[in-house]
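2 protein chains.
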Amino acid sequence: MALSYELRCRECGKRYDNAPLSICDECFSPLEVVVDLDAARADFTREKIAAGPTSMWRYKALLPVPDDYVPPTPAGWTPLLKAPRLAQRIGATNLYIKNDAVCLPTLSFKDRVVSVALANAQIFGFDTVGCSSTGNLANAVAAQAARLGLKTYILVPADLEAAKILNTQVYGANLVRIDGNYDHVNRLCSQIADRFNWGFVNVNLRPYYAEGSKTVGYEIAEQLGWRLPDNVVVPMAGGSLITKIRKAFKELIALGLVEDKPVRFFGAQATGCSPISTAVKTGADHIEPQRPSTIARSLAIGNPADGVYATRCIRESGGWAEDVSDVEIVSAIQELAETEGVFTETAGGVTTAVTARLYAHGRIKPDELTVTCITGNGLKTTDALNGCYETQRAVRPRLTDFEEYLEEGHQELAFGGVNVR
Amino acid sequence: MALSYELRCRECGKRYDNAPLSICDECFSPLEVVVDLDAARADFTREKIAAGPTSMWRYKALLPVPDDYVPPTPAGWTPLLKAPRLAQRIGATNLYIKNDAVCLPTLSFKDRVVSVALANAQIFGFDTVGCSSTGNLANAVAAQAARLGLKTYILVPADLEAAKILNTQVYGANLVRIDGNYDHVNRLCSQIADRFNWGFVNVNLRPYYAEGSKTVGYEIAEQLGWRLPDNVVVPMAGGSLITKIRKAFKELIALGLVEDKPVRFFGAQATGCSPISTAVKTGADHIEPQRPSTIARSLAIGNPADGVYATRCIRESGGWAEDVSDVEIVSAIQELAETEGVFTETAGGVTTAVTARLYAHGRIKPDELTVTCITGNGLKTTDALNGCYETQRAVRPRLTDFEEYLEEGHQELAFGGVNVR
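Read top to bottom, the protein sequences are chains A and B. As numbered in the UniProt record's numbering, residues 1 to 421 make up the first sequence, in order. As numbered in the UniProt record's numbering, residues 1 to 421 make up the second sequence, in order.
Treat the hints as calculated values from the structure; they're not laboratory data. A few of these clues could be false.
[What the hints assert, rightly or not] Label pairs and their calculated CB-CB ranges:
#1 A:Ser325 with B:Asn197: 54 to 60 Å
#2 B:Asn197 with A:Asn386: 32 to 38 Å
#3 B:Ser190 with A:Lys48: 48 to 54 Å
#4 B:Pro289 with A:Thr45: 36 to 42 Å
#5 A:Arg398 with B:Lys151: 20 to 26 Å
#6 A:Arg41 with B:Arg393: 51 to 57 Å
#7 B:Val327 with A:Gln223: 41 to 47 Å
#8 B:Arg291 with A:Ser325: 47 to 53 Å
#9 B:Leu3 with A:Thr45: 38 to 44 Å
#10 A:Arg398 with B:Ala50: 48 to 54 Å
#11 B:Ala284 with A:Phe124: 56 to 62 Å
#12 B:Gly125 with A:Lys365: 35 to 41 Å
#13 B:Ile253 with A:Asp67: 37 to 43 Å
Bear in mind that the values here come from a model prediction, so they are computed numbers and not experimental data. Ideal Cβ positions, reconstructed from N, Cα and C, are used throughout, including at glycine.
From just these sequences and the hints, can you work out the full model?
Shown next as structure tokens:
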């Protein structure tokens, strides 16, 4: 059966048959999947999508898999939450959260990209798959590969958070701790993929993998009633996600599913690893690599593969990028949880803090329809909140003791201003 | 507007108007919500449900909320996964997992009951809500109440898992550690609810709360293509969930949405807290309270409120109950993750281990359509896996070092039988 997608060089446009390739052999630029929109048109209608599964696979016609592909695991289709209480705190009036903190099956948006990558790993016949990862990707690959019965090697920086390591090992994956940062790990994975002929989702399968991120954009548009927002705020690690949300919006416009309108893209990074936001703020047209030092480990990519494309996406759209300190990240995690009941990992703290600043600086107007992307779950980075909450004394199980405890608490609040929470 | 539900005593049948009440003032038996099925018939059709939201609120017509209730948070609608690889390991051929490890918004089935309870807390005008909890309920109440802007008091046993405590505090809830086990905490909450006029979801709002569990049953039936399974395996803490899944199935039969057929109910407990399974196995018609001692904290209720009803449900259906050791729980957590990519908390380890035993003992036949209920996420009880995985040495980021590392690993496997995973 003829496939309705192929690989193409992002820069020179050279076309390739589908294969586990990520770099153009002519100009050494990255390859990208191009889907034949005309071929997809008949299957990508509002009605057919609504009748599809309640997962990201409702958009299968625009994803690089064969028409008859049967997805083994539900993934994506996360809530788009109206966020009135957070909005009030940060001076917004029309704010939504795209909540991939609860993305199936492993609680980050990486489940989307891994679903598409592993489908292609199977098509290409790999019996061993893997990735280089700052954590969320490791979890997603390990879990989804387990379900498929694939052998798995996951390479991570040696100092990764405990919960992310456990949440990889439990699936039976071979977890290899590398003495270096993400950029070291990533380079090593390229060599390993070549040497052993393994399918590394974010290396030799990267063009397919990256297409999975488009589903965030499709979902935002569908959940807004098939219309585009004014602004999107997106965390940036490798820089791919923000470009793929834009690609998704463009495809929806081309297919006539949403009305064409300008959407501004805003990028969020931690100051301790801010190569993309720095490029945007200084007007540079290249990315100056950085040595990451931030609690936002899942964004700690000092030499982002898609940094230049992310910068272009932001600039061309009239958006902006910001970066925030580790202290701001922790406060923002708490603020998001307290106002909207969403517990995010450090990356979501970055996005929330940056969103607040964009309103404060007037870069986003209060009434513009703005979507802020939360990409991972707080249970994966609990260490970030160490020391934020006092352990209260245990109370005896009697009503009088409880009443006494309440009075103590109120006194503390009244006299010392200590928050007893 | 007249409501199509009311409270009724489970034993004497006395009817009550809707109110924050849980005990019959005539016979001191528990009250239950009864929904008028005839009134719901027109809105509870396969077509209307399919056109509803992709959350448990698609079944609103059979839940105790007014017709015009607008739910603030998506909850439920979790995957029903075919589990062929787990099935093969335990001698089954037709096994499904109902995966509430990824239930929205806080990753346990408690989100379902809390959604219904807080809807009613608002209807009754409570400005402060709370619960007694072994952890998952605390998370669900704290998160959902935060989004509603309600003041929250959560009472837990003082020795609860760290992740469950943090995942309550982060939402801004007042977390009160009680020097006692769940049963002590629960009794205290009854007194507090009366004294302060607070809405405790599992105390004075319990009849409404419990109805939320029916949505597990509705979803199983709908996801099986509107038919009932042969067997359901359900973890038991207070014992309510298993009875509510049965209630859901009965309602679906009464409304003609599924064909009537016998379904057998199987209960799962940890041996360290097994008052209900003990009653089932010994044929007792009452529950002998136990002092809990198990790593399955979320099931550690020694004096289960609905224990007698759970026992009856199991017995009347021709099912059975089993309990498993802490060691078996840990192995089952790993087995489920390795085969199906589902990382569950200790309670899911209980259910998985019990399911395996039911097949091994011939209580469930291999080809019977069996659904096993996973009710919470593994990231909440990571301590249970402490010591299960060795920390491997960090490898330098060079191909030769990686090759050396692989060889070491294979040698270990070959000579010592040490699992290098």
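Quiz item: Which numbered conditions among the earlier hints are violated in the structure presented, ordered from lowest to highest?
Solution: Those not satisfied are hints 1, 4.
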